[in-house]
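Trainee: Based on the sequences and whatever the hints tell you, model everything.
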Amino acid sequence: MLDNRDKIWHIKDDPSFALSIARKLGISKLLASLLVHRNITSTDSAKSFLFPKLGALHDPFLLKDMDRAVELIQSFIVKKKKITIYGDYDADGITATSLLFDFFSRLKIPISFYIPHRLEEGYSLNEKAVRDIARDTTELIITVDCGINSFSEIALAHKLGMEVIVTDHHQLPSGFEPLCPTINPLRPDSSFPFKELAGVGLAFYLAIAIRSNLREVGFFQNKSEPDLKPYLDLVAIGTIADIVPLIEENRILVKSGLTVLKETRRPGIKALLKVSGIKNNQAITTHDIAFKLAPRLNAMGRLGPTTRAVHLLTTDDEVEASSIANQMDSLNAQRQEIQNRIVLECREKIDEMKDLERHRTIVLSNSQWHRGVVGIVASKIVDEYYRPTLIFTDEGDLLKGSGRSIDGFDLYNALFDLSDLLMQFGGHEYAAGITLESKNIEAFCDKFEELARKKIDTKDMIPKIEVDTKLGLESINPQTLKDIEMLLPFGHKNPQPIFWAGPVKVVFSTVVGNNHLKLKIKEKGTAFDCIAFGKAALHPLEGKLVNILFHVEINTWQGMESIQLVIVDLRIN
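Under the working numbering, the first residue of the sequence shown carries the number 1, and numbering increases by one thereafter.
Restricting the straight-line Cα-Cα distance to at most 25 Å, the calculated cross-link-like pairs of lysine to aspartate or glutamate (DMTMM-like) are:
| no. | residue 1 | residue 2 |
| --- | --- | --- |
| 1 | 454 | 384 |
| 2 | 80 | 67 |
| 3 | 81 | 132 |
| 4 | 292 | 316 |
| 5 | 7 | 466 |
| 6 | 380 | 442 |
| 7 | 439 | 420 |
| 8 | 270 | 318 |
| 9 | 195 | 44 |
| 10 | 493 | 460 |
Note that these hints are calculated values from the structure, not bench results. Since we're looking at a predicted model, the values are computed, not measured.
Mentor: Next up, the structure:
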């Protein structure tokens, strides 16, 4: 392990049995080592990972209550009773809502959707929404990406004469007792092997199960059967946006979905790609979705109503799609401005904390901070200060906000332990939404800090970079790129490989853009161009020996392709 004040470089061991996997599969030892570092330790699991196939997806009926849900939905389809899809306002919820809304529309049944306003209604089902949906003659509500905690709202829906089906992937509440068919892979009584589907993944499985059931009862004898593969573009977007692990089921769905996305026929996605600066028919990456498409989809829900986002993903009208996509792009620019201002104000508050080094946590609030962006702000503050962080909007008697955490501190469990001081909370290990009364904030902060001190040591507040292996410059060639590409798509629990080289000599150094460093490095006669984003302060480096952590990528310039190293971290010898 290499250590310094800024980051810990954790160099993984090269396991001896990687060579055995390499021989059995006919792959390089480098690729085999990269697989083992991703907990893929057998030839069968390696084959499944390297060659994901839709046919390997698990049976949706292994999900607890899928059979009950499908039987209920079938009766509504046959009788043409109205169904409402109730979604969440984030990209996962938007894509899940769009998928099922489009699917049921193609079955020619009465269908509508409802997504609550983030600022006016908050997350998940609420009483007013349930009453409004009942007045709209709906007889069945299907939730997507929400509903697991909505016991009183489900009871109200039943009282108003509606059935409810919950599909959700979030943590089960303590003492969970379902009031209706509830599909959640985290249920302890579920036989579904994979536990980390996104909300849109669950929606896709529900569509598979419904189609299978309708096929069995002869529903499609005189009508066309919907093709579900085109929905994989939505599945890919929502799954990547929700930062669920890109392994097993999610890897299959996303890898196939990226292929569908490249050839998508949806006018809305085409328009969204255009305003995001992604060219038609180019290979679309998880990075494109996470940093270009998803922020624009999310911007609507952060700053206002989300209804038009679903219209974007389901419309067949190119003019409407272009109009909505341009609105999204404008809202995203506004979101960035608001976010950047709040981040600056947070830094000012943190600078005023004279004893920051003693604190394990950061908790900040302000009445002027836009509640729709405090989650992103919390993420930025965690990136900069590497402590569990909660950012609140002060609404007088209430504080409403979002939290983000670091490795080793389970935010959801911490909030559960402090739930007597909270009005409402939800989320998972690394992210959460929180509401509490203002009068409780001081006691909450004290106890939150106390909990963190028990779990977090000072060394835990130094970010760690997991490094796959040392890789000399002479070993980098086109085959290296092919090996890395076999691991695509990258994401949570399947990160882009990080390599270590050094000491290497910097033979050229210059500042490019606002804050970036372009280098040429050399080792034993082999040289490569490098880009180091955000590292301009290190200039000049010419003539110096450095150790570098880096990604290996293809750089395209004026139609020419070359290997480029993208520097993750750098240390001067």
